[in-house]
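J.: Below, each chain spelled out in residue letters.
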Amino acid sequence: MNNSNIKKISASMPIANINSANSNLKNLRVLLQQSEDINVDIHKLISRLRNMPVPAKTNMYFQRSLVQNRKILSVIFADCADLRLREFNLAGRRALLIYIDGLTDTKMLERTILAKALCSQEQVISEKKIAKIIEQILTPSAYTIAIKIAAAVQQIMMGNALIVVDGFRQTVVVDSAEYVKRGIEESKSENIVRGAHDGFNETLRDNIVLIRRRTKDTNLKVKIVDIGQRSQTSVAVVYVDNLAQSDLVEEVLRKLAAINIDRLVLSYNIQEYITPRPWPLFPTIQGTERPDVVVAGLYEGRVAIIMDNTPWALIVPYTYNTAMQSVDDYAMQVPVASAVRMIRHFAVLVTVYLPALYISIVSFNPGMLPTALAIYIAELRARAPFPTAVEAFIMVVILEVFQEAIVRLPNRMVIAASVVGGLVIGTTVAQAGLVNPLLVVVISGTAIASYAMTSYNFAMGLRLARFIIIIIASVLGLYGVILGTLVLLVYMCSLESFGQSFMGGFLQVDTLADWRDSLVRLSIKNNPLRPKIYGAQDETRIGGYRDGKQND
Amino acid sequence: MVSRTTDSISVLQLGVVVLAATLGGQLIITSRNLIKSGGEAAWISVIAGGIVYGLVAVMMIKIGRHFPNDTFVEYMPKIWGKFAGGLIILWFYLLFIAQAAVILQGFGKFIKYFMFDKTPQIVIPATMVLACAYCALHKINIIVKVLSILAVLTTPVLGVWLLALQNFNAEMLLPIIPFNWPKFAQGLQSAWNVFAGYEIIMVVLPLVSWKSPGLSPETGVVWTFAILTVFFAVVIAIIIGVLGAEQAALFTAPAVTVIKGVEVPGTFAERLENLLMIFWIPLVFDTIVVFMYTLAKVVQIKFSLQDHRPALVMQIPIIFFLTELNNHLPNYEIASKYIMYAGIVFSLIVIPLSLLMVLWKQRSLAGDGYEQ
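Protein chains in written order, with the numbering used here: chain A, 1 to 552; chain B, 1 to 372.
The hints are simulated quantities; they were obtained by calculation from the structure and are not laboratory data.
Now the stretches of chain B that chain A is said to cover, found in silico as 3 or more residues with beta-carbon under 8 Å:
no., region
1, 109-117
2, 124-133
3, 150-158
4, 276-284
Simulated pairs of lysine-lysine, DSS-like, Cα-Cα distance not exceeding 27 Å:
no., chain 1, residue 1, chain 2, residue 2
5, A, Lys107, A, Lys181
6, B, Lys302, B, Lys361
7, B, Lys139, A, Lys532
8, A, Lys129, A, Lys116
9, B, Lys62, B, Lys82
10, A, Lys255, B, Lys139
Short, incomplete list of chain A residues facing chain B, as computed with Cβ under 7 Å:
no., residue
11, Met368
12, Ile482
13, Leu483
14, Leu486
15, Val487
16, Leu489
17, Val490
18, Cys493
19, Ser494
20, Ser501
21, Met503
22, Leu507
23, Gln508
24, Val509
25, Asp510
This structure is a prediction, so every number in the text was calculated from the model and none was measured.
Using N, Cα and C, we set each Cβ at its ideal position, and we do this for glycine too.
If we strip away everything but chain A, and leave its shape as in the complex, we get (with noise of 0.2 Å):
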């Protein structure tokens, strides 16, 4: 800058004071402050008007013009910069092509439609519509015409591409969308001996693929909503036509539309919305990663709800039957299955009343135990410093700490700290005679049956029921404790999962035939209906159904 050209404020101000300069001043200090407020404001207001969803019934439709779509677009993807705009021309006319950088597959893009835009860019095609354009030049695997702003906006954020044409309101939707996504690999918490072992991915697409593999029904149908107003998320839900009562369909679309979240991470939160109760003890919704899980339940008549960006399937209804089978029950000999299943209920019970009847029979009742080992006991306990619900509690308590560290630990942690947990502080605690060494094998023994559960959110409950338990047994022993089994049965009875109690048709008289798969498991062949208590529209399973007809 010229020193010529900087004069002294006096010059042009000759009868200024300091005062009046310190007066000056402080007013375009505050015209600068409230710019910038105002500038603020500005933004915040573009902020909101561009957040602005516009309503549902207003259709915002594209120009003619190619500017101004292009303004348009621009104004909707500010400060996007993962947006490629590509123009190019097209049959004689101007147009671009737009995408997300990282969801499209680029490559396709050059060759079916820059290259081939390129080499007939000469070529001027008068058509009025713009499909015939994109078939005369263009070889694009599918796309789409949109002409609403809303509806192809989405489809460029699911990854698609948009093309738009000078001097026409129709813009074309590219199916192009390739994004990074995990491969089909093993479940990481459905773990089997026997059966298929893919599971499902983060990728809609390839978790409705997997499902398709299994069954070439054309009955099986998949529609597809997004849910979240902001997240847009893609949630199909899956059902088998002629089996799924199309009540419980209805059901499941209509708690599915009356979602209102902005937006959708997790598979839970869809069934937090969609479970009636509010804070249930036990999941009245399957949960699972494993794609046969998810066809078996459809056969059954039931639905299957899969969410955009997460392996978590989720099955509708569920009961305490179906949370009591493995896939591996039906990959082994049919005596073998039946005994690991009634072991797997025996280990519910362990779970929830083992410290219960515990403290209940050693505070409350010791005569109802065999005499020598009621004296065994009572030497044991003459060393513990506290009484036996207190430390039955404080194991208990220490348990849940340690089997929550050490799902958070990383996995080259974990034996270290098994070591530290269960040799040094179970042996420890024993030698120090804090706790009697029987308590320990009975926690122990606690833990052990929790783990034999097949679902880990039901395990979860009922090792919260147990806390309750010991409460209750604390107080009226060995009463209190079927006191509370009762309560728990009666609040089990109770919980709803889409019109069906969680118990469902357990031990129940009217649906003898669900017994064959429930304490034990028969042979397929010697089971020949699907679950009563899932209301399939077509009962049998074998015979019963071929070529789209039902066999007499």
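Start from chain A and add chain B according to the hints.
T.: Positioned in the frame of chain A, the structure of chain B alone reads:
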């Protein structure tokens, strides 16, 4: 259709409800009085009682068939007129609430005696009433699910009585001939206590979806009574066979005393009476739940309430108060006897007469050219 949690049950489930209503408290509480009245032939009185009250139960269903969508609260005034019908409803209500109080009082007494000698007795019925109320607050099909699971899990354990056969002496059941008719008649009277509770059929019947093909309610109820009769007769016969009729009448709970005498050496469970008491708790729970639900339903229908739950909550303190009153009544035995008489009259006079009235009215209407 998806079996939604609606307010209806099947015929088999009706059987479970009747089983739950009768198999609970009566088993341990009433066996002493029954043997005291019936002597050596008490088990025959039980069989006769099963047949008689089974027939009355079938009569209740026959009356119900004439009023398919009504409970007895609605049809009794139609049969007997508003005033007499109202009195019968009141009679039923008082009978059931008194029975519930008697069972709870006996339950508290026995649990305290056998399991918690240091616990105040009041705690036991109080907690039981609350647990039962929680269950009875639900719809009938949820209640039936609970009853069904408990019936399957606990009833087979009652087979523990069969272990008492090792001390069984068949001569104790004699003499059967010459047959002691007066004792038999007294035993038959006391047999009402054994089967008391089956009257809930009149309230639950409209909830039974009997239009579907399959088991009819009459057949279902007959089967239920057959099971109950065999079970009670075997238990009473075992008690008499082990203790003798005279001796059994001296014990507070002869059914438990019989099990106390069973020794199974080398097993973990040395105290079988405790095991029996543990499995008796769910049976009493079943009975009180059915009674509380029935009572609440009667009030709901009588006063045209939308729901049975307010009535149920209101009757909790009443049942508890009556239970405590029983504990302090010097003439508790006499009160129990009057409740029994009221029950017998209701079963053996009111119900048959009601059926006759219905048939007579139907015939006279048909004679006038009307159709039901």
